[in-house]
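**Student:** So the chains spell out like this:
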Amino acid sequence: MPSLKDVKTKIGGVKKTAQITKAMNMVAAAKLRGAQQKMEDFRSYAEKFNAAMGNLSSAMDSGAFPLMEKREVKTVEILVVTSDRGLCGSFNAHILKMTDKLIAKLEGEGKKVSLVCVGKKGISYFRKTGKVRQRYADLMGTFQMFNARTIAQDIAGNFLSGESDEVRIVYGKFKSVAVQRPAEQMFLPIQPDAVAATGATSSAAGAYLYEPSTEEIMEVLLPLYMNVMVYHAMLEVSASEHAARMSAMDNATNACKDIIHSLTLIYNKARQAGITAELMDIVGGAEALK
Amino acid sequence: MAEKLKLEVVTPKGAVVSKEVDIVTAPGYGGEFGVLANHAPFLSTIKTGLLTYKTGAQEETLMVSGGFCEVSNNKLTFLVESAERGADIDVERAMRAKERAEKRLAEAQAQKEKFDRTRAEAALQRALSRLKVAERRKPS
Numbered sequence: 001m002p003s004l005k006d007v008k009t010k011i012g013g014v015k016k017t018a019q020i021t022k023a024m025n026m027v028a029a030a031k032l033r034g035a036q037q038k039m040e041d042f043r044s045y046a047e048k049f050n051a052a053m054g055n056l057s058s059a060m061d062s063g064a065f066p067l068m069e070k071r072e073v074k075t076v077e078i079l080v081v082t083s084d085r086g087l088c089g090s091f092n093a094h095i096l097k098m099t100d101k102l103i104a105k106l107e108g109e110g111k112k113v114s115l116v117c118v119g120k121k122g123i124s125y126f127r128k129t130g131k132v133r134q135r136y137a138d139l140m141g142t143f144q145m146f147n148a149r150t151i152a153q154d155i156a157g158n159f160l161s162g163e164s165d166e167v168r169i170v171y172g173k174f175k176s177v178a179v180q181r182p183a184e185q186m187f188l189p190i191q192p193d194a195v196a197a198t199g200a201t202s203s204a205a206g207a208y209l210y211e212p213s214t215e216e217i218m219e220v221l222l223p224l225y226m227n228v229m230v231y232h233a234m235l236e237v238s239a240s241e242h243a244a245r246m247s248a249m250d251n252a253t254n255a256c257k258d259i260i261h262s263l264t265l266i267y268n269k270a271r272q273a274g275i276t277a278e279l280m281d282i283v284g285g286a287e288a289l290k
Numbered sequence: 001m002a003e004k005l006k007l008e009v010v011t012p013k014g015a016v017v018s019k020e021v022d023i024v025t026a027p028g029y030g031g032e033f034g035v036l037a038n039h040a041p042f043l044s045t046i047k048t049g050l051l052t053y054k055t056g057a058q059e060e061t062l063m064v065s066g067g068f069c070e071v072s073n074n075k076l077t078f079l080v081e082s083a084e085r086g087a088d089i090d091v092e093r094a095m096r097a098k099e100r101a102e103k104r105l106a107e108a109q110a111q112k113e114k115f116d117r118t119r120a121e122a123a124l125q126r127a128l129s130r131l132k133v134a135e136r137r138k139p140s
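One line per chain: the protein sequences are A and B, in this order.
If you read the first sequence in the numbering used here, its first letter stands for residue 1, the second for the next number, and so on.
If you read the second sequence in the numbering used here, its first letter stands for residue 1, the second for the next number, and so on.
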């Protein structure tokens with residue numbers, strides 16, 4: 001039986017923890033709103049971009065562009081996008097597990113794997129494997145399009161120089177506030193079918209005037225398309241991270257409340273037992289005096 | 001000029017302009033081009049520069065950088081990395097950026113560093129466009 005004082009200190013401690021988790025929950029909720037707004041803002045851009053890309057790629061023949069070129073795959077690069085901070089439930093763990101599986105599968109096929117990590121969680125997880133080629137930390141909070149561009153350019157450079165023959169992205173997809181799933185996506189070589197499928201408008205495909213030629217436009221658009229993809233993945237992860245943290249912290253707060261409840265019960269029982277014991281003493285003493 | 005064009009300027013941070021206009025002038029790949037209503041379907045890349053549009057007698061200017069535009073069915077969509085109105089531009093900052101870019105450009109040229117040069121050139125281009133937009137805003 002723990003002493004009264006021990007239980008009381010413990011209750012105080014748990015209460016403080018609950019306060020912290022509750023504050024984190026509210027901060028995450030506010031940040032989630034910001035991240036969702038950012039996603040919303042970006043959506044119209046992405047939709048129009050994909051539509052234009054779809055129109056364009058249906059109008060020309062692919063394969064002429066280095067970024068679309070399919071090569072025999074020897075080295076696969078994986079872009080892992082995770083959050084910078086923990087305390088968001090199993091969100092990062094899921095992404096990392098999926099990456100691990102993918103690595104194991106690819107290596108089983110005799111391919112080499114190199115990693116580009118965005119977000120501290122991924123970096124520290126893969127540090128010891130020696131596979132990390134490039135790392136980007138502390139971006140998730142305030143990233144902008146140009147951050148995505150830096151990353152995309154780096155990956156494209158590596159792809160074009162032949163260091164990697166295929167690039168995939170693993171990131172956390174934001175399904176809803178309650179559900180976030182890790183997702184894997186083909187990144188490079190860019191597949192025109194996938195592009196065409198996302199841009200489902202074929203209003204006047206092929207009837208466009210192009211300036212400069214379609215080829216030159218593609219030279220500009222393909223890197224842009226990469227930026228859009230990377231930026232999109234980062235947005236998804238950022239929103240998912242906050243959503244995951246929100247629910248994790250909500251659970252933690254509830255757990256704290258449960259603990260406080262049961263500790264209070266123990267405390268009261270101990271107090272009652274103390275009082276009873278003292279009463280018995282007094283009664284016993286009084287009896288003895290008679 | 002009964003028919004109007006629907007102009008939309010969209011950046012990754014959301015739509016900047018969405019309105020009916022009469023004429024649009026934009027910095028295309030091969031130089032400035034103008035678009036009126038009933039233009040043929042058209043797709044072009046956009047360089048850093050000034051985007052001007054007119055509704056009646058009212059004229060407005062934006063600074064846009066890097067992207068492309070699409071024209072179809074009297075709809076004109078610009079997808080650019082950034083678009084700024086004159087009122088949002090910090091002239092002093094743009095001035096500083098211009099000086100910085102010029103310095104870097106000179107350095108890069110001295111060292112024949114191609115990558116730095118393209119970057120400095122782009123930065124200079126942006127700064128100059130910003131200044132131009134800011135200038136137009138002022139009633140001179």
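Honestly, the hints are just simulated from the structure, not real lab data.
Note that the structure is predicted; figures quoted are calculated from it, not measured.
Keep in mind that a hint or two might mislead.
[Stated by the list, open to error] Pairwise CB distance ranges, derived in the manner of DEER restraints:
| id | chain 1 | residue 1 | chain 2 | residue 2 | range |
| --- | --- | --- | --- | --- | --- |
| 1 | B | Lys6 | A | Gln19 | 49 to 55 Å |
| 2 | B | Lys54 | A | Glu109 | 57 to 63 Å |
| 3 | A | Glu109 | B | Gly31 | 46 to 52 Å |
| 4 | A | Gln19 | B | Lys54 | 55 to 61 Å |
| 5 | B | Gln109 | A | Thr150 | 20 to 26 Å |
| 6 | B | Arg100 | A | Gly110 | 21 to 27 Å |
| 7 | A | Lys105 | B | Ala122 | 38 to 44 Å |
| 8 | A | Gln191 | B | Lys114 | 52 to 58 Å |
| 9 | A | Ser124 | B | Ala122 | 32 to 38 Å |
| 10 | B | Ala106 | A | Lys105 | 50 to 56 Å |
| 11 | B | Ala106 | A | Thr150 | 23 to 29 Å |
| 12 | B | Lys6 | A | Gly157 | 36 to 42 Å |
| 13 | B | Glu121 | A | Gln191 | 55 to 61 Å |
| 14 | B | Arg100 | A | Glu219 | 26 to 32 Å |
C-beta: ideal position from N, C-alpha, C; glycine also.
**Student:** Compare the structure with each hint and give your call.
**Tutor:** Right, here's what the structure says about each hint:
At about 53 Å, the CB distance of B:Lys6 to A:Gln19 agrees with the hint of 49 to 55 Å. In this structure the supplied range 57 to 63 Å holds for B:Lys54 paired with A:Glu109, their Cβ-Cβ distance being about 59 Å. Remark: the range hint 46 to 52 Å for A:Glu109 to B:Gly31 is upheld by a beta-carbon distance near 50 Å. A:Gln19 and B:Lys54 have their C-beta atoms about 58 Å apart, which keeps the hinted 55 to 61 Å range intact.
Look at B:Gln109 against A:Thr150: about 24 Å separates their beta carbons, and that is inside 20 to 26 Å. Roughly 50 Å separates the CB atoms of B:Arg100 and A:Gly110, a value that falls outside the hinted 21 to 27 Å. Range check, A:Lys105 to B:Ala122: about 41 Å between beta-carbon atoms, so the 38 to 44 Å window is met. Under the hint 52 to 58 Å, the C-beta atoms of A:Gln191 and B:Lys114, about 31 Å apart, miss the expected range.
For A:Ser124 and B:Ala122, the Cβ-Cβ distance of about 35 Å falls inside the hinted range of 32 to 38 Å, so the restraint holds. For B:Ala106 paired with A:Lys105, a C-beta distance near 52 Å keeps the hint of 50 to 56 Å intact. For the pair B:Ala106 and A:Thr150, the beta carbons lie near 24 Å from each other, so the given range of 23 to 29 Å is met. Our hint of 36 to 42 Å for B:Lys6 and A:Gly157 holds, since their Cβ atoms are close to 39 Å apart.
Here the CB-CB span from B:Glu121 to A:Gln191 is close to 33 Å, at odds with the stated 55 to 61 Å. Here the CB-CB span from B:Arg100 to A:Glu219 is close to 29 Å, well matched to the stated 26 to 32 Å.
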